[in-house]
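Asks: Using the sequences plus the hints, can you model the full thing?
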Amino acid sequence: MKAMIYHGPGRKAWEDVPDATIEKPTDVVVKIETTTICGTDLHILGGDVPAVQDGRILGHEGVGTITEVGSAVTSLQVGDRVIISCISACGHCDMCKQRVFSHCLADEGASGIGWILGHLINGTQAEYVRVPFAETSVYRLPDGVTPQEGAMLSDILPTGHEIGVQYGHVKVGDVVVVVGAGPVGLAAIMTSRLYGPSKVIAVDLDANRVEQAKRFGATHGVLSSDDDWKDQVMALTDGLGVDVAIEAVGVPATFQMCLDVVRPAGHVANVGVHGAGVPLPLDTLWISNITIAMGLVNTDTTATLLKMVAEHTPVREPYLRPWRHREGLRRVRPGRRDAGAQGCAQRLTSRRRPHGRRPTCGVRLRGCADAALPSWTSWTSNQVGHTNRAPAPRPKVVWHRTSVCPTADRGGYVAKSRDSDDDSW
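Take 1 as the starting number for the sequence shown in full-length UniProt numbering and just add one per residue.
Some clues are possibly wrong.
Heads up, simulated SDA-like pairs for lysine to any residue below, C-alpha to C-alpha not over 25 Å straight-line [what the hints assert, rightly or not]: (1) K2 <-> G46; (2) K199 <-> A51; (3) K230 <-> E135; (4) K24 <-> A51; (5) K199 <-> T291; (6) K230 <-> T291; (7) K171 <-> M234; (8) K31 <-> V78; (9) K307 <-> E135.
Because the hints were derived from the structure by calculation, they are not lab data.
Replies: Structure follows, in structure tokens:
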């Protein structure tokens, strides 16, 4: 099978590797239909996660069809379409019994770490993946929920909800600020509305992302590039500061921004993955009674969120928007950073050329030599339908990329649809 292999910081490659197989009785093997490149994968490529070893298949999110089941698996069967959780949990250890699945004590990968796919064992950016503890680590894909929608429930939506909203203790009447309006930030904005805050303020460097955030439930938007961004936020709180500040980027500057605008006795929820230490000014924080929370997603709300998406609750409408606009990759210009006048997301596709030639896309991930795609990317091995021409032969590999707004999450570029009168391509 083909898979995306990590070879150390800044180095990765598509390679032929042995097919995923059942190794333990509680495993299933899933044929991947849709997966993503998460911001955490970018941290891995940047060398920020040293536990990831050379030769590891990347990826911890995905949707696909079960092709093999282990002898101890009774509630799943071959042919089931499932969402793969980013957290693999045995369901029986002391931590799992406390619903702290992110620190499962089982012996897969490393005891005490539930995030193992694409981290400590081979992941989902491949044609097939072995999923341990299948009965507690996958969710059947409901009718009416597409694989692309389901992939957002692997990690992005529960992470924004649990680590941002729940750890931030958002409650009725609160003023919430979300710093960083990327996919996880948007998930936090969207799910915070379930708790009845009076205001949700989106803060981002990109004006189009701020506008997109309003479509996901933000009541106000502030550009962090404005010299008076802090004054704008404080003005929305009568000068008191926000009740909850959610950091959804993972750099020291945005963490400090949250500290700058949170009110006394407020909460700061850090969702972003930091590749280095962040200053913590305890000399000024202690007297303000600030609570700071952070963590690895437990995915203990995934089933609830999936039900809300499947049953067309208020979560579903903004949730669907990132997938509505799709463009073939041959009609999209890679390497171009663009705010996107329509403020819509795009899905891009490319086919691997025959005879082992390079992919047609030529997309680069921050200067890497091999063709690749940046964050919020999904991959599928299914044929992409073409409504205006005869079906093409089934490609061996097809990629989809979706970026909200559509500026890619820290990926360094945005694709732009080609206009017929644009000859600069």
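Asks: Work down the list of hints and note, for each, if the structure agrees.
Replies: Hints and how they fare:
| no. | hint | result |
| --- | --- | --- |
| 1 | K2 <-> G46 | holds (23 Å) |
| 2 | K199 <-> A51 | violated (40 Å) |
| 3 | K230 <-> E135 | violated (47 Å) |
| 4 | K24 <-> A51 | holds (23 Å) |
| 5 | K199 <-> T291 | holds (20 Å) |
| 6 | K230 <-> T291 | holds (20 Å) |
| 7 | K171 <-> M234 | holds (19 Å) |
| 8 | K31 <-> V78 | holds (11 Å) |
| 9 | K307 <-> E135 | holds (18 Å) |
In the structure shown, a violation is registered for the earlier hints numbered 2 and 3, in ascending order.
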